[in-house]
Amino acid sequence: MAGKDDEEVERGRLLLSQLDRLLDADPFIDELGFVHPSELVRLKSVSDHSIAEAADVEPESKHTHSYEEKKQYAGGGEEFAYGHKEHNDLSCDDCAFWCHDHKLAIASPVLLLMYKAAKEAFIAIKKEYLIYPRQDGLSSKSEMIGRNQGYQQKLMSCTRALVLINSDHASAWNARKRILLMGLKDDLMAELRLTRLVLSCAPKSEEAWAHRRWVIGCIKGYHTVLDGVLEGDSKLIELIAERSRMNYRAWRHRCWLVSHMSLTQVSHELRRSKLWAASYVADNCCFHYRRCLLLHLLQIPSSSGDHCNEGTVNKESNCSGSSQSGVSPAMSDTVAELWKEELSWSADLIKSYLGCETLWIHRRFLILHFLDHHCMKHCKYHWHSASEKYVGEVSIDTDRSSQQDALVESEFRFVDFCLSACEKNHPEEAKRQKEFAITYKLWILVMEHRQMLLSGSQRNEAFIQELRDVKSVLGVLCSEKQNLWEGLIPPLLGPDVVASMQA
Amino acid sequence: MDDSSTLHVQKHVEFIKSLDNKKDLESLLTEHIRMNGAYWGLTALDLMGSLNDLDQDKIISWILQCQHDCGGFGGNIGHDPHILYTLSAVQILALYDKLAVLDSSKIASYITGLQQNDGSFYGDEWGEIDTRFSYGAICCLALLRRLDAINLEKAITYIVSCKNFDGGFGSTPGGESHAGQIFCCVAALAIAGSLHYVDKDLLGWWLCERQVKSGGLNGRPEKLPDVCYSWWVLSSLAILDRVHWIDRESLKTFILDCQDIENGGISDRPDDAVDVFHTYFGVAGLSLLEYPGLKHIDPAYALPVNVVKRVFS
Numbered sequence: 000m001a002g003k004d005d006e007e008v009e010r011g012r013l014l015l016s017q018l019d020r021l022l023d024a025d026p027f028i029d030e031l032g033f034v035h036p037s038e039l040v041r042l043k044s045v046s047d048h049s050i051a052e053a054a055d056v057e058p059e060s061k062h063t064h065s066y067e068e069k070k071q072y073a074g075g076g077e078e079f080a081y082g083h084k085e086h087n088d089l090s091c092d093d094c095a096f097w098c099h100d101h102k103l104a105i106a107s108p109v110l111l112l113m114y115k116a117a118k119e120a121f122i123a124i125k126k127e128y129l130i131y132p133r134q135d136g137l138s139s140k141s142e143m144i145g146r147n148q149g150y151q152q153k154l155m156s157c158t159r160a161l162v163l164i165n166s167d168h169a170s171a172w173n174a175r176k177r178i179l180l181m182g183l184k185d186d187l188m189a190e191l192r193l194t195r196l197v198l199s200c201a202p203k204s205e206e207a208w209a210h211r212r213w214v215i216g217c218i219k220g221y222h223t224v225l226d227g228v229l230e231g232d233s234k235l236i237e238l239i240a241e242r243s244r245m246n247y248r249a250w251r252h253r254c255w256l257v258s259h260m261s262l263t264q265v266s267h268e269l270r271r272s273k274l275w276a277a278s279y280v281a282d283n284c285c286f287h288y289r290r291c292l293l294l295h296l297l298q299i300p301s302s303s304g305d306h307c308n309e310g311t312v313n314k315e316s317n318c319s320g321s322s323q324s325g326v327s328p329a330m331s332d333t334v335a336e337l338w339k340e341e342l343s344w345s346a347d348l349i350k351s352y353l354g355c356e357t358l359w360i361h362r363r364f365l366i367l368h369f370l371d372h373h374c375m376k377h378c379k380y381h382w383h384s385a386s387e388k389y390v391g392e393v394s395i396d397t398d399r400s401s402q403q404d405a406l407v408e409s410e411f412r413f414v415d416f417c418l419s420a421c422e423k424n425h426p427e428e429a430k431r432q433k434e435f436a437i438t439y440k441l442w443i444l445v446m447e448h449r450q451m452l453l454s455g456s457q458r459n460e461a462f463i464q465e466l467r468d469v470k471s472v473l474g475v476l477c478s479e480k481q482n483l484w485e486g487l488i489p490p491l492l493g494p495d496v497v498a499s500m501q502a
Numbered sequence: 000m001d002d003s004s005t006l007h008v009q010k011h012v013e014f015i016k017s018l019d020n021k022k023d024l025e026s027l028l029t030e031h032i033r034m035n036g037a038y039w040g041l042t043a044l045d046l047m048g049s050l051n052d053l054d055q056d057k058i059i060s061w062i063l064q065c066q067h068d069c070g071g072f073g074g075n076i077g078h079d080p081h082i083l084y085t086l087s088a089v090q091i092l093a094l095y096d097k098l099a100v101l102d103s104s105k106i107a108s109y110i111t112g113l114q115q116n117d118g119s120f121y122g123d124e125w126g127e128i129d130t131r132f133s134y135g136a137i138c139c140l141a142l143l144r145r146l147d148a149i150n151l152e153k154a155i156t157y158i159v160s161c162k163n164f165d166g167g168f169g170s171t172p173g174g175e176s177h178a179g180q181i182f183c184c185v186a187a188l189a190i191a192g193s194l195h196y197v198d199k200d201l202l203g204w205w206l207c208e209r210q211v212k213s214g215g216l217n218g219r220p221e222k223l224p225d226v227c228y229s230w231w232v233l234s235s236l237a238i239l240d241r242v243h244w245i246d247r248e249s250l251k252t253f254i255l256d257c258q259d260i261e262n263g264g265i266s267d268r269p270d271d272a273v274d275v276f277h278t279y280f281g282v283a284g285l286s287l288l289e290y291p292g293l294k295h296i297d298p299a300y301a302l303p304v305n306v307v308k309r310v311f312s
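Read top to bottom, the protein sequences are chains D and E. Each residue of the first sequence is one higher than the one before, starting from 0 at the first, in numbering that gives the first Met the number 0. Each residue of the second sequence is one higher than the one before, starting from 0 at the first, in numbering that gives the first Met the number 0.
Treat the hints with care, as some may be off.
Capping the alpha-carbon separation at 20 Å, the derived lysine to any residue pairs in SDA-like fashion look like this [said to hold, decoys possible]:
| # | chain 1 | residue 1 | chain 2 | residue 2 |
| --- | --- | --- | --- | --- |
| 1 | D | 203 | E | 25 |
| 2 | E | 199 | D | 488 |
| 3 | D | 470 | E | 201 |
| 4 | D | 203 | E | 179 |
| 5 | E | 57 | E | 99 |
| 6 | D | 153 | D | 19 |
| 7 | D | 153 | D | 20 |
| 8 | E | 21 | D | 493 |
| 9 | E | 212 | D | 477 |
| 10 | D | 219 | E | 201 |
| 11 | D | 115 | E | 21 |
| 12 | E | 105 | E | 54 |
| 13 | D | 234 | D | 263 |
| 14 | D | 470 | D | 363 |
| 15 | D | 203 | D | 248 |
| 16 | E | 57 | E | 100 |
| 17 | D | 125 | D | 107 |
| 18 | D | 470 | D | 425 |
| 19 | D | 115 | E | 267 |
| 20 | D | 203 | E | 217 |
| 21 | D | 219 | D | 231 |
| 22 | D | 470 | D | 493 |
| 23 | D | 115 | E | 217 |
| 24 | D | 430 | E | 199 |
| 25 | D | 350 | E | 221 |
| 26 | E | 251 | E | 191 |
| 27 | E | 222 | D | 452 |
| 28 | E | 22 | D | 173 |
| 29 | D | 176 | E | 121 |
| 30 | D | 470 | D | 455 |
| 31 | E | 153 | E | 201 |
| 32 | E | 21 | E | 201 |
| 33 | E | 308 | E | 289 |
| 34 | E | 22 | D | 110 |
| 35 | D | 125 | E | 191 |
| 36 | E | 22 | D | 430 |
| 37 | E | 212 | D | 479 |
| 38 | E | 21 | D | 4 |
| 39 | D | 203 | E | 259 |
| 40 | D | 115 | E | 25 |
Derived from the structure by calculation, the hints contain no laboratory data.
Model the full assembly from the supplied sequences, consistent with the hints where possible.
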């Protein structure tokens with residue numbers, strides 16, 4: 000039994016050193032997967048075939064192309080001399096690894112052995128290096144530095160294996176941070192690539208995203224590099240989000256990037272993410288991202304110009320619905336225009352994609368800010384049922400409250416339109432559309448009620464009537480949430496009305 | 000008798016106890032969060048009246064070995080300290096009525112060191128900020144009766160700055176509303192006596208919208224229901240005194256449907272693989288729904304009510 004255990008330990012160490020060589024030979028591996036051994040065999044036969052085909056093609060040109068691609072992603076800040084070692088030159092276990100075109104597959108059964116070996120190495124080296132770095136009794140300084148470098152290298156290699164297999168191993172990531180703090184910019188760019196590789200396999204890893212933010216924080220000093228990183232990360236998240244839907248941590252990272260952006264970058268992002276959002280209308284994260292961008296527009300100080308200024312760095316954008324704004328009048332029009340576009344686009348999406356919760360939530364957000372934010376006070380919107388289109392116009396003369404009344408009225412017409420929509424081919428979606436439409440109307444009434452409380456005005460007859468109507472429609476369309484409506488609506492109607500209803 | 004209509008308490012107790020001896024890849028890959036796992040498992044056992052089935056002395060001795068000189072606890076022996084494991088360690092010792100073995104000043108000073116100028120908390124020395132860490136800090140210090148060690152007012156201000164238009168809260172200011180983060184923020188505000196900052200009706204509405212047709216709860220719009228949100232959503236509703244706003248019966252049925260009747264344990268959704276995380280949250284959710292035979296759980300401290308009473312008596 001002991002013999003078998005020893006054999007396994009030895010095999011684990013051997014596999015680990017092979018993994019090390021593979022990763023060192025190609026620092027631009029950008030995709031990792033753990034696969035069934037049969038999948039490894041299939042991948043191998045496919046790549047052998049393509050290698051045979053490619054033998055006639057000038058190999059150098061293929062190689063250069065892929066290097067350029069990687070370099071582009073890294074934002075121009077990396078200065079890595081790409082080696083010409085190919086994995087074919089490496090002796091590695093064909094039953095454990097497949098590496099081709101910067102993609103690495105590892106057979107699942109060897110993970111346990113490799114992980115055990117990496118963990119054992121981590122504990123041993125950490126003990127020697129982190130706990131006793133200065134008590135090694137070496138007399139010469141250079142001897143000590145040399146030895147420390149050796150430890151560092153070993154530690155970086157075993158923690159790399161640990162985080163590749165277990166992306167949430169925080170202590171392994173932390174050990175890397177300690178070593179990186181002693182290092183150079185190039186190491187940080189390599190570390191960004193490692194987190195990307197880990198995220199390709201574990202896109203929801205909390206610790207991998209946190210480590211990436213830490214690395215970006217370290218390279219913040221290198222401004223030219225940072226700009227490239229911001230754009231690269233934004234694209235990276237779109238790639239990841241396509242495979243890993245509604246990934247809270249990935250989108251959190253993207254929202255975090257917004258806090259480093261200028262007005263131009265924010266408007267650019269708003270336009271760029273539109274297509275993605277329209278393709279994945281059920282992904283609330285992307286619409287939340289747009290809300291971050293829209294709110295950030297309201298907060299960028301008028302002096303910030305086109306450059307990422309220090310004032311915006313380090314500050315998370317605030318989506319709490321604050322009405323404070325440092326936007327200049329000229330910019331205010333630009334900002335209002337972008338918001339107006341969003342409202343109009345939102346109506347189009349709601350009509351195209353029936354019964355999509357995310358779209359209605361987004362509209363709740365938009366309407367709240369149109370009713371609430373002084374930046375929007377010059378904008379006037381009407382929904383024309385004839386053309387089924389929103390049109391925006393600017394009117395400075397109309398006073399704010401009548402403009403709000405007009406907006407609310409127009410939204411109610413939009414709700415009525417959606418309630419009357421009948422889709423015989425998609426009855427389930429049509430049903431959901433009606434549910435969301437009527438709860439959206441309730442949302443507007445709740446917002447109106449809040450404003451009444453703030454201004455000290457009384458509920459008028461029309462408001463009470465609308466609310467009673469909404470309550471009865473909800474009772475029919477969303478009866479399973481009856482407890483909610485019974486809890487939420489009566490306080491809005493006021494005790495007198497409730498008493499009269501009960502009578 | 001319909002097997003899925005009742006909670007199979009004994010099976011779940013046996014399932015949790017069996018986790019102690021597992022040596023497969025999955026248990027190896029979760030070694031680093033073992034402190035959380037122990038808290039989930041032991042709290043579930045306590046709610047089911049079986050806390051003493053495991054060796055208390057062995058567990059406490061292991062917990063103490065996870066503490067670092069700085070005062071914080073790691074997720075396991077040899078792992079770096081973090082506020083979330085520190086909270087779990089303190090919660091487990093509260094379960095066992097053994098808070099006295101801790102040097103509370105040392106832990107308090109660790110947590111004080113994690114608070115930032117804006118009131119937020121680092122999770123550890125590396126600077127990641129999250130409202131989960133605010134909850135960890137506030138709940139942990141409250142259990143140690145050392146809330147004086149931090150600037151509570153600033154901590155509250157930071158949490159409130161993470162409030163969104165829908166009444167929910169995110170991980171940082173501007174973060175998307177998420178039921179897990181909402182629990183952390185609402186529970187932290189409840190412990191700090193600052194629930195007046197919460198928009199109870201608006202947030203209650205958002206939380207109720209998390210209930211889907213099957214009766215289960217999701218954590219964000221358009222997501223699938225998951226048993227863990229039976230805790231995150233329901234505990235928030237309980238703190239806001241709005242549990243009666245949802246359909247409690249259909250939620251109960253959903254949780255019971257997620258049991259592995261043969262081998263014990265509860266999964267995220269019916270017929271998925273079980274784990275200790277979902278087993279705890281399923282049992283805790285049923286406790287909030289006042290399932291007969293289970294101890295009541297405190298929605299803010301995430302500990303049995305009798306444990307919380309004992310701590311503050």
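To see whether the hints hold, each was checked on the structure:
| no. | hint | verdict |
| --- | --- | --- |
| 1 | D:203 <-> E:25 | 17 Å, holds |
| 2 | E:199 <-> D:488 | 13 Å, holds |
| 3 | D:470 <-> E:201 | 17 Å, holds |
| 4 | D:203 <-> E:179 | 15 Å, holds |
| 5 | E:57 <-> E:99 | 17 Å, holds |
| 6 | D:153 <-> D:19 | 10 Å, holds |
| 7 | D:153 <-> D:20 | 13 Å, holds |
| 8 | E:21 <-> D:493 | 59 Å, violated |
| 9 | E:212 <-> D:477 | 11 Å, holds |
| 10 | D:219 <-> E:201 | 39 Å, violated |
| 11 | D:115 <-> E:21 | 15 Å, holds |
| 12 | E:105 <-> E:54 | 26 Å, violated |
| 13 | D:234 <-> D:263 | 17 Å, holds |
| 14 | D:470 <-> D:363 | 18 Å, holds |
| 15 | D:203 <-> D:248 | 6 Å, holds |
| 16 | E:57 <-> E:100 | 14 Å, holds |
| 17 | D:125 <-> D:107 | 27 Å, violated |
| 18 | D:470 <-> D:425 | 26 Å, violated |
| 19 | D:115 <-> E:267 | 29 Å, violated |
| 20 | D:203 <-> E:217 | 17 Å, holds |
| 21 | D:219 <-> D:231 | 14 Å, holds |
| 22 | D:470 <-> D:493 | 14 Å, holds |
| 23 | D:115 <-> E:217 | 36 Å, violated |
| 24 | D:430 <-> E:199 | 28 Å, violated |
| 25 | D:350 <-> E:221 | 18 Å, holds |
| 26 | E:251 <-> E:191 | 30 Å, violated |
| 27 | E:222 <-> D:452 | 34 Å, violated |
| 28 | E:22 <-> D:173 | 25 Å, violated |
| 29 | D:176 <-> E:121 | 16 Å, holds |
| 30 | D:470 <-> D:455 | 24 Å, violated |
| 31 | E:153 <-> E:201 | 24 Å, violated |
| 32 | E:21 <-> E:201 | 44 Å, violated |
| 33 | E:308 <-> E:289 | 18 Å, holds |
| 34 | E:22 <-> D:110 | 14 Å, holds |
| 35 | D:125 <-> E:191 | 40 Å, violated |
| 36 | E:22 <-> D:430 | 50 Å, violated |
| 37 | E:212 <-> D:479 | 8 Å, holds |
| 38 | E:21 <-> D:4 | 17 Å, holds |
| 39 | D:203 <-> E:259 | 26 Å, violated |
| 40 | D:115 <-> E:25 | 12 Å, holds |
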